[in-house]
Amino acid sequence: MLTIENLRASVEGKEILNGISLEVQAGEVHAVMGPNGSGKSTLANVLAGRDEYEVTGGTVRFKGQDLLDLEPEIRAREGLFLAFQYPVEIPGVSNVHMLKAALNTLRKHRGEEELDAVSFLRLVKEKAALVGMKQEFLYRSVNQGFSGGEKKRNEILQMSLFEPSLSVLDETDSGLDIDALKIVAEGVNSLRSPDRAMLVVTHYQRLLEYIVPDYVHVLAHGRIIRSGGKELAHELEDRGYGWIEQHARTA
Amino acid sequence: MNEQIHADKELASLAQREYKEGFVTDIDADTLPPGLDEDVIRTISRKKEEPEFLLEWRLDAYRRWLDMEEPGWPHLHYPKIDFQQISYFSAPKQKKLLDSLDEVDPKLLETYEKLGIPLDEQKALAGVKVAVDAVFDSVSVVTTFKETLAEAGVIFCPLSEAVKEHPDLVQKYLGSVVPAGDNYYAALNSAVFSEGSFVYVPKGVRCPMELSTYFRINAMNTGQFERTLIVADEDSYVSYLEGCTAPMRDENQLHAAVVELVAMKGAEIKYSTVQNWYPGDEEGKGGIYNFVTKRGICKGGGSKISWTQVETGSAITWKYPSVVLEGDNSIGEFYSVALTGNYQQADTGTKMVHIGKNATSTIISKGISAGHGQNSYRGLVKVLKGADNARNYSQCDSLLMGDKCGAHTFPYMEVKNPSAVVEHEATTSKISEDQLFYCRQRGLSEEDAVSMIVNGFCKEVFKELPMEFAVEAQKLLGISLEGAVG
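Protein chains in written order, with the numbering used here: chain A, 1 to 251; chain B, 1001 to 1486.
Careful, some of the hints might be misleading.
Keeping only pairs whose Cα atoms sit at most 30 Å apart, straight-line, the calculated DSSO-like set for lysine-lysine is [unchecked claim]:
(1) B/Lys1265 x B/Lys1404
(2) B/Lys1416 x B/Lys1459
(3) B/Lys1357 x B/Lys1404
(4) B/Lys1459 x B/Lys1475
(5) A/Lys134 x B/Lys1357
(6) B/Lys1430 x A/Lys14
(7) A/Lys125 x B/Lys1463
(8) B/Lys1080 x A/Lys100
(9) B/Lys1080 x B/Lys1351
(10) A/Lys108 x B/Lys1351
(11) A/Lys108 x B/Lys1357
(12) B/Lys1430 x B/Lys1475
The set of hints was computed from the structure by calculation and includes no laboratory data.
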């Protein structure tokens, strides 16, 4: 599904990603962990196509296409979804309006029929219940006046509505209390399927208690310094990032 | 790269849109040579076969105008207008009295068809019923649904016809809200006005359909000076919409209109404008100078006047639709969206004058600036001594796109009664790169995202427009935003 080879990227001339290679197959959940400033969020944003990140080398193939060649909206329509670390507020635009516009754009791209207002509302209410979002949030302006947890829940709502083939979750756990974390994780888990993949970017092992990954990758200074199974996350929790960085240097 | 600079670059071409109403109709016209003096005014009055009182009224206005100075206070920059270079009358040549649409010059019908204005009652029957008065340069081409309206007792006709058919009503109300010497442009209009619409809704009548006037400037070097007068008698209701377009020309053209509204006890007038005069090109060449005086008076208790305007056109806009709240418990409202792109400039807002007791006024103004556009809100809330318990709420929001445009707010308050409650809120925001990226990550194109954000910004105003016109306004804004992002 996703093949990253020797990916390099910089922001304002400063190199953040130093040659990342990663292979994600359909049905897999990969966790990308690392200390602050290791390049986790940069990786997520580069995949989604944010302009301020300049790709300086390497290739990314997504479902057989050159991902880096595609505009952000085309990446989204092709099935790449980014759950934002800091979801943006859009005053005046009702949540439900944006969700409908986006879903129908995606459906059109997939050659599916666009949903009318009635069937859309039925669907979105069902999904909202699934992620524990109160219906009133559907009618508020996009993310405006939402608490941190509500914003993240709104991201998961969109994810479950759009049913992307690859979901990239950028520190979705940050700022969540344990109850919110569980609900978010449930939403994510309900989307796990043999034809979908996920890339879960996180600082803490905590989230991985609820979203159990197939693979864990540790990022430091813009490179993957270690990959392993889910037990790697536990090891990190016990011994900290320092241990693994030292390990990487001596290796 | 700095995020905002990037967003600015992408949005810089915002108002470089196609102006699809910019065509010229090739038609024989009876046009006065440029220039203005008392003879010109006499000629206009004679051409329109006006009664003596109106000619005197015009001449009086002209003499006042000669002593007045062009206002220098608006936040607008433009070269001095040479009033002797303008022609003050232009009418397409046609038979004098038209009994049916069949007699209207097909070229004119074609023009309105191209503009999407329904002049054929039969065709209109299928869709939403709107009575239209079509004004082409200085004359009215046709007014539809006159019979249907007459059955309800509603008078809807060109002002020049009203002068002949209902001289008493015209004499009683013309200039009663905006006097001939009110301001520079109103005085000019009073001297040379050539057409406009007249509406009278009798006591207790709810006008059975939307009324609408469509103004079209066609002739070169010609100013359009229309005058609209709407009188809603006790406990009546009328909703009125005006639309306007003009061909694309390199020269600036002057449009100086006056609109007067009179609402008697318990009456309600809803006045909506979708203004789409040619705004000039991306270098600021050409476009309409739009200097308009609009004022309504809530004369009787419990009356209501509501102005809703969507302004996307004109090189220069200078207008402040106002409400004089004379009756007790009267209500005045002003809802406005003003978009300035390219080198457009707008100085617009409202005046709410509280005279009666327990009157309330609401002002919602949304300014959108893009390109080199300059957008100013100027509003006055005045509460006179006897206006007990006056309530006003004002909200002025500005949305900026790019870093070469400007938004300015000039709120004035004069409160002479201690029981008044006057609130003013203002915000300025920018469409950010973050917002655009967020929308694009959800699959929306950049253009759809901008249009969605702008429409969201204007929602409070659009919901005040009659349904079918709200759709029209959204479309217009969409067209205005076309090519906004590259």
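Here's how the hints hold up against the structure:
1. Under the criterion of a C-alpha separation no larger than 30 Å, the hint pairing B/Lys1265 with B/Lys1404 is inconsistent with the structure, at around 48 Å.
2. Restraint check: the Cα-Cα separation between B/Lys1416 and B/Lys1459 comes to about 34 Å, which exceeds 30 Å; the hinted pair is violated.
3. Proposed proximity of B/Lys1357 and B/Lys1404 is contradicted: the alpha carbons are some 45 Å apart, above 30 Å.
4. Restraint check for B/Lys1459 and B/Lys1475: satisfied, since their Cα atoms lie roughly 13 Å apart, inside the 30 Å limit.
5. This hinted pair does not check out: A/Lys134 and B/Lys1357 have alpha carbons roughly 43 Å apart, beyond 30 Å.
6. The straight-line distance between the Cα atoms of B/Lys1430 and A/Lys14 is roughly 28 Å, inside the 30 Å bound, and the hint therefore holds.
7. Of the supplied pair hints, the one linking A/Lys125 and B/Lys1463 holds, its CA atoms being roughly 25 Å apart against a limit of 30 Å.
8. The straight-line distance between the Cα atoms of B/Lys1080 and A/Lys100 is roughly 50 Å, outside the 30 Å bound, and the hint therefore fails.
9. Simply put, B/Lys1080 and B/Lys1351 have alpha-carbon atoms about 26 Å apart, close enough for the 30 Å limit, and the pair holds.
10. Pair hint A/Lys108 plus B/Lys1351 does not hold up; C-alpha atoms about 48 Å apart against a cutoff of 30 Å.
11. Distance check on the hinted pair: A/Lys108 and B/Lys1357 sit about 57 Å apart at the alpha-carbon level, beyond 30 Å; violated.
12. In summary, the hint linking B/Lys1430 to B/Lys1475 is supported, as the alpha carbons are separated by about 22 Å, within the 30 Å threshold.
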